[in-house]
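Peer 1: Listed below are the residues making up each chain.
Number of protein chains: 2
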Amino acid sequence: MQSLKERIQQEGQNLGGGILKVDGFVNHQVDAVLMDQAGAEFAKRFADVNASRILTAEISGIAPAVFTGMHMNLPVVYARKHKPITMPDQVFLTLAPSHTKGRTVELIVSPEYLAHGEKVLIIDDFLASGNTIIGLVRLAQTAGAQVVGIGALIEKTFEGGREKLASLDIPIHALVSIDHMDQDEGGDIRFAD
Amino acid sequence: MQSLKERIQQEGQNLGGGILKVDGFVNHQVDAVLMDQAGAEFAKRFADVNASRILTAEISGIAPAVFTGMHMNLPVVYARKHKPITMPDQVFLTLAPSHTKGRTVELIVSPEYLAHGEKVLIIDDFLASGNTIIGLVRLAQTAGAQVVGIGALIEKTFEGGREKLASLDIPIHALVSIDHMDQDEGGDIRFAD
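As you go down the protein sequences, you meet chains A and B in turn. Here the numbering used here is used: the first residue of the first sequence is 289, the next is one more, and so on. Here the numbering used here is used: the first residue of the second sequence is 289, the next is one more, and so on.
Next comes chain A alone, as it looks inside the complex (with noise of 0.2 angstroms):
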């Protein structure tokens, strides 16, 4: 997506160590005209799916989770890091380790909203490293759903995400592709596309 793409050359920072910086515009600030246009590419990509329900992860998935959702014209559940106390005491819960957090951090959805049965379409902001995708991927599957689908806003090429998720076969899409970051602080960001 050549929206996403320049405003990444335009803005993106490299913190160094593999962070790219994009929170002016997808986490913390969103510029919602964008990630409406990302949902809606999203929707044309994922068009042929069957997706019953869109899986997201709370917190940066949501924006271009919802605006999917809104074009799909789908439902969207975000799974939940703390449980609140509206959720009922059965849930799916499953760990997933975070590189940019430094630990491991609990995914968590209502069998409310995640049915056997069901075809989700995953979305996300990120694909690095895959751990919180492969997180939602076995909360489907532990709710007896099945993943259809996954997409991500920025995929990072060189830390491995797809190939972990090679063996869903399913359709995999990134808007927007990086294949190498500088490992230091203001270094190079070169798109793959």
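Simulated from the structure, these hints should not be mistaken for lab results. Any given hint might turn out to be false.
Because identical chains cannot be distinguished in the list, a pair is counted as satisfied if it fits within a single copy or across any two copies.
[Said to hold, decoys possible] Here are the simulated DSS-like pairs of lysine-lysine, each with C-alpha atoms no more than 25 angstroms apart in a straight line: (1) K309 <-> K369; (2) K371 <-> K309; (3) K407 <-> K452; (4) K309 <-> K389; (5) K371 <-> K332; (6) K371 <-> K389; (7) K369 <-> K389; (8) K332 <-> K407; (9) K452 <-> K389; (10) K332 <-> K293; (11) K293 <-> K407; (12) K369 <-> K452; (13) K309 <-> K293; (14) K369 <-> K407; (15) K293 <-> K369.
Given the coordinates of chain A, work out where chain B should sit on it, guided by the hints.
Peer 2: Coordinates of chain B only, in the frame set by chain A:
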């Protein structure tokens, strides 16, 4: 907003103690089409306040805020509850007591995205005790910004938030107002309008 009111009537659950469960369409699971309608409605009601930025709090404020941002063509900033590694060391931080969490939460905004002289429209899912929104007002004021409007999907008028915000003398709009909830689980939910 009639469609939101009807959805609460159909699916909202009184969990007792003033807690309204709407996690099938507002938080946890999001009805993106309904949130888009809510965003359009906020855009209409706040068309004349000349906002330059929308401010909300993670997590459940994000969906209504990003659709409002899309309809108003404004950037959306969500205050973080934990400082991510992509944020600079110097931040705006305030504390807000959370009724549903039973503890105080931090609200953190980077000075990169909240500047002196901005006109801020605050959008959140609930206006209840007003604590979160007052925290957001304080953040904006600390940054030297001016709050020009406050919008919430659902107001619980019996928790007094609107009175606490009255001294700001700005437009406050809730899309649905609830003026009474029985203290017992499963009890009556009464709408003001």
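Peer 1: Now look at each hint and say whether the structure bears it out.
Peer 2: Hints, one by one, checked against the model:
| no. | hint | result |
| --- | --- | --- |
| 1 | K309 <-> K369 | both (22 angstroms within a copy, 18 angstroms between copies) |
| 2 | K371 <-> K309 | between (28 angstroms within a copy, 13 angstroms between copies) |
| 3 | K407 <-> K452 | within (20 angstroms within a copy, 45 angstroms between copies) |
| 4 | K309 <-> K389 | within (14 angstroms within a copy, 30 angstroms between copies) |
| 5 | K371 <-> K332 | neither (33 angstroms within a copy, 35 angstroms between copies) |
| 6 | K371 <-> K389 | both (19 angstroms within a copy, 10 angstroms between copies) |
| 7 | K369 <-> K389 | both (13 angstroms within a copy, 13 angstroms between copies) |
| 8 | K332 <-> K407 | within (17 angstroms within a copy, 36 angstroms between copies) |
| 9 | K452 <-> K389 | within (21 angstroms within a copy, 36 angstroms between copies) |
| 10 | K332 <-> K293 | within (18 angstroms within a copy, 32 angstroms between copies) |
| 11 | K293 <-> K407 | neither (30 angstroms within a copy, 29 angstroms between copies) |
| 12 | K369 <-> K452 | within (23 angstroms within a copy, 31 angstroms between copies) |
| 13 | K309 <-> K293 | within (14 angstroms within a copy, 39 angstroms between copies) |
| 14 | K369 <-> K407 | within (23 angstroms within a copy, 32 angstroms between copies) |
| 15 | K293 <-> K369 | neither (29 angstroms within a copy, 28 angstroms between copies) |
The structure fails to meet hints 5, 11, 15 from the earlier list, while all remaining hints are met.
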